[in-house]
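Colleague: Okay, here's what each chain looks like letter by letter:
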Amino acid sequence: MTVEELARLIGGELRGEGKRELRGIAALESAGPEELAYAESPRAGARAAASRAGAILVPLGASVVDKTTIAVPHPKLGFIRAAEALRPPVRRVEGIHPTAIVSPEAALASGVSVGPYAVIERGVRVGAGCSVGASVFLGDGVGLGGGCVLHPRVTIYPGVSIGNRVIIHSGAVLGSDGFGYVFAEGRQQKFPQVGKLVVGDDVEIGANTTVDRGSLGTTSIGEGTKIDNLVQIAHNVRIGRHAVIAAQTGISGSVEVGDYVVMGGQVGIGDHACIGSRAVLGGGAGVLPGKIVRPGTTVWGRPARPLDEFKRMYAQLSRLPALAEKVKELSKGGGRSPS
Amino acid sequence: MTVEELARLIGGELRGEGKRELRGIAALESAGPEELAYAESPRAGARAAASRAGAILVPLGASVVDKTTIAVPHPKLGFIRAAEALRPPVRRVEGIHPTAIVSPEAALASGVSVGPYAVIERGVRVGAGCSVGASVFLGDGVGLGGGCVLHPRVTIYPGVSIGNRVIIHSGAVLGSDGFGYVFAEGRQQKFPQVGKLVVGDDVEIGANTTVDRGSLGTTSIGEGTKIDNLVQIAHNVRIGRHAVIAAQTGISGSVEVGDYVVMGGQVGIGDHACIGSRAVLGGGAGVLPGKIVRPGTTVWGRPARPLDEFKRMYAQLSRLPALAEKVKELSKGGGRSPS
Amino acid sequence: MTVEELARLIGGELRGEGKRELRGIAALESAGPEELAYAESPRAGARAAASRAGAILVPLGASVVDKTTIAVPHPKLGFIRAAEALRPPVRRVEGIHPTAIVSPEAALASGVSVGPYAVIERGVRVGAGCSVGASVFLGDGVGLGGGCVLHPRVTIYPGVSIGNRVIIHSGAVLGSDGFGYVFAEGRQQKFPQVGKLVVGDDVEIGANTTVDRGSLGTTSIGEGTKIDNLVQIAHNVRIGRHAVIAAQTGISGSVEVGDYVVMGGQVGIGDHACIGSRAVLGGGAGVLPGKIVRPGTTVWGRPARPLDEFKRMYAQLSRLPALAEKVKELSKGGGRSPS
Chain S
68 MTVEELARLI GGELRGEGKR ELRGIAALES AGPEELAYAE SPRAGARAAA
118 SRAGAILVPL GASVVDKTTI AVPHPKLGFI RAAEALRPPV RRVEGIHPTA
168 IVSPEAALAS GVSVGPYAVI ERGVRVGAGC SVGASVFLGD GVGLGGGCVL
218 HPRVTIYPGV SIGNRVIIHS GAVLGSDGFG YVFAEGRQQK FPQVGKLVVG
268 DDVEIGANTT VDRGSLGTTS IGEGTKIDNL VQIAHNVRIG RHAVIAAQTG
318 ISGSVEVGDY VVMGGQVGIG DHACIGSRAV LGGGAGVLPG KIVRPGTTVW
368 GRPARPLDEF KRMYAQLSRL PALAEKVKEL SKGGGRSPS
Chain X
68 MTVEELARLI GGELRGEGKR ELRGIAALES AGPEELAYAE SPRAGARAAA
118 SRAGAILVPL GASVVDKTTI AVPHPKLGFI RAAEALRPPV RRVEGIHPTA
168 IVSPEAALAS GVSVGPYAVI ERGVRVGAGC SVGASVFLGD GVGLGGGCVL
218 HPRVTIYPGV SIGNRVIIHS GAVLGSDGFG YVFAEGRQQK FPQVGKLVVG
268 DDVEIGANTT VDRGSLGTTS IGEGTKIDNL VQIAHNVRIG RHAVIAAQTG
318 ISGSVEVGDY VVMGGQVGIG DHACIGSRAV LGGGAGVLPG KIVRPGTTVW
368 GRPARPLDEF KRMYAQLSRL PALAEKVKEL SKGGGRSPS
Chain Z
68 MTVEELARLI GGELRGEGKR ELRGIAALES AGPEELAYAE SPRAGARAAA
118 SRAGAILVPL GASVVDKTTI AVPHPKLGFI RAAEALRPPV RRVEGIHPTA
168 IVSPEAALAS GVSVGPYAVI ERGVRVGAGC SVGASVFLGD GVGLGGGCVL
218 HPRVTIYPGV SIGNRVIIHS GAVLGSDGFG YVFAEGRQQK FPQVGKLVVG
268 DDVEIGANTT VDRGSLGTTS IGEGTKIDNL VQIAHNVRIG RHAVIAAQTG
318 ISGSVEVGDY VVMGGQVGIG DHACIGSRAV LGGGAGVLPG KIVRPGTTVW
368 GRPARPLDEF KRMYAQLSRL PALAEKVKEL SKGGGRSPS
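Protein chains in written order, with my numbering: chain S, 68 to 406; chain X, 68 to 406; chain Z, 68 to 406.
Simulated from the structure, these hints should not be mistaken for lab results. Hints may be right or wrong, so weigh each one.
Any copy will do: because identical chains look the same in the list, a pair fits if it lies in one copy or spans two.
What the hints assert, rightly or not - Each computed DSBU-like pair below joins lysine-lysine, with the alpha-carbon atoms no more than 35 Å apart:
#: 1; residue 1: K378; residue 2: K399
#: 2; residue 1: K378; residue 2: K86
#: 3; residue 1: K143; residue 2: K86
#: 4; residue 1: K143; residue 2: K257
Model the full structure from these sequences, guided by the hints.
Modeller: Okay, here's the thing in structure tokens:
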């Protein structure tokens, strides 16, 4: 594809050599003359000037001396679009590998690819164009929408329902039993974990992440939500749409998370807490059981507080030894001190 | 099963229509006329009154207007018992799947089911009635008691010993090498990790949890202990009986954990610490290496302190900016202030 | 092997019965008369005196009454060396299991063992003497150096490059997509995750650990670095040589970690932070995004501070309720107080 063709495709303004061929994407630093890069911020100017990229996506109104550029309103988004055109995903349609075990009572739509040693049990439905990786396990009655990508070794327990275009990375476990016991007669008695798990369209789930099914009710993950690696989502949790949840975060039972929520890594949320839409939880934040984080607020710390409050408190924390010293002085009869 | 029969089975007091048929269990909110629900607390009264459940388990002495109820001393426990009767676990006895690779030197008792692509190596013993899921790996000499359920893709390293009725969820890894090195000659030298791992009866282990074998000694998990998803248990750790350990908790090497200990999620325990029996560690608590948490105490925070102390300290923490302001005032010659 | 032979092999000074046969290694407490143990510290003296071990490694100049000892400069290191001689790793060279699926376009060097149900795709290169466990998945173009051990169920995404003598534990996922999205048009748009992952020689990676490939650039792990279980390493992270990273630590995107860095468990590092060589991060420490931890420093707490500063602050924290009480008293007109 030429730079000219690409500029037309993504609706950008070309400046420079339109006939140049592009064959891939890369970062400014590593791009070669047949690769597209992007420069989003003004600070990227110097790196852009030094880049060997064949073409550079820049913000509207910007340019780079002696470089071929395509100006677009949002260079990083333009780069994503361009990447789809320049580097189409290698989807090998191999059909059903002869070693895959597919129940005669499962229904696979057209264009489905199933890798070696995958196991697809009774009543499973797999939508058109899904790619099911090697050694994936789909339990009885699992439903997958169209266009899903399950990387090797994903495990989905019976009855879990997955939407369209969902991406699940290796080692993720969906629909495992929640962690619920009743202590009686001197031991922990397992409470039934027989509820559902429903995952919406366009969700992505990271490697080795675990999502439990509901105990009696339903665990649900809303459309467009993105979940990183090694995240734990407990039974009966309800997550809204287009949320972003970074690695190693843990969400306890029956928590509600609104739409467009953003969580940093290693966040912990106690059971029955409620995170309002568009709230932001800083990395490592800890929300106590039953607490409410109001919509649109940013919280941080463990236990989590509004960001401003946390920062004020934290600033004082650093000065605590000096403060203690001062109080000691005052109580010795100090009063006004020269310092 | 009729409500009458069920009441008799669990020893409860029936009030209402005993001839009604029950076919399953559900929550108060979602139960239909053929399902059993339970109402534990007085607060559940309104929800019980609005429920469409065919029958409701209630505490002794309680009832719900116009509803069929069974009164028992502990409704949630009664519900667990009833669930076993109404919703028997779907254990398909399929025998050994033809694609499972079972060493001729392994010994499988009667009624064992082994899923597709499982690998069972030399010297493995599997007790009666075990269910070994798809793609499970059991290394040389692993021992499983009777009635265990290993969900798909569990991995057990050689020599690990598992008790009776143990449930292990997908992706869990048992018996991996501990993390031990000696720094010498400019590099980390791997210390031998050749000890044992012994798991007691009635233990449950969550999805993608990891439990290391001992280095020279033994890692052990006592009878009835329940471990959630993504938990890490290091080498030489000894956990007592009937403990409960929530998700993403990490227990470092050589830690001792007593009986009936309860840990919230994301707890961290430093090496050689000792957690007394019936201690409770709040979510996210961090116990320093070598520390002792006394039996029966509740601790919280990082580093962990007794709960009361933590709460007092934490309350002051919120008031720290105001305290600093006050000290500033006093040191300016303030003395008594009007506020 | 006799004690005499072993002493010669590891260059130690024998005292006692040189003709005794040794057949294995053990801890002081559990060792029998045919096993070697070690006593590193003077405190181990009593345990050494009570040990039934056939021989004990002790520091130069030390001895144990009535015991056969071998004195070496570094008993724990000597023990590692002795273990290699006394307890050679059980590497069964079984060749390629008939159920392993090896692409005709993959290249396996001599002495490679591949377990049942492993899948090795196009363009993979496996170095001499590698052991690839059951159900391991190696994607297109993966490269393994010589002498690697991949335990069962390791997954490596396409294009990842692994050095020599690397050990990877079960359930680890290498080369998964990084977590990068651009929020536009009301949803999270997936940024390309098409970079590389390069793992150096002598690295060890724990069970269920996840390491993402670069987005456009490269994620790299330096020679000799050891990584525990359930660790998350995000895209574009660069880790130096001989670092040690304990369990459940999470390292965010584009972080740089120097050589010989040591991290405790559950550490969290924000994106673009920089950890200088030989720095030590205490268990649970949290480094803010973009922060620099200077080479050789020890930090702790969340957010992380230099250890001394943290300890001072933390000591005051415990006294905070008393401090507040004192200030209240002073502001009531207290001045000098008797206590």
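Colleague: Which numbered hints are broken by the structure, listed smallest first?
Modeller: 2
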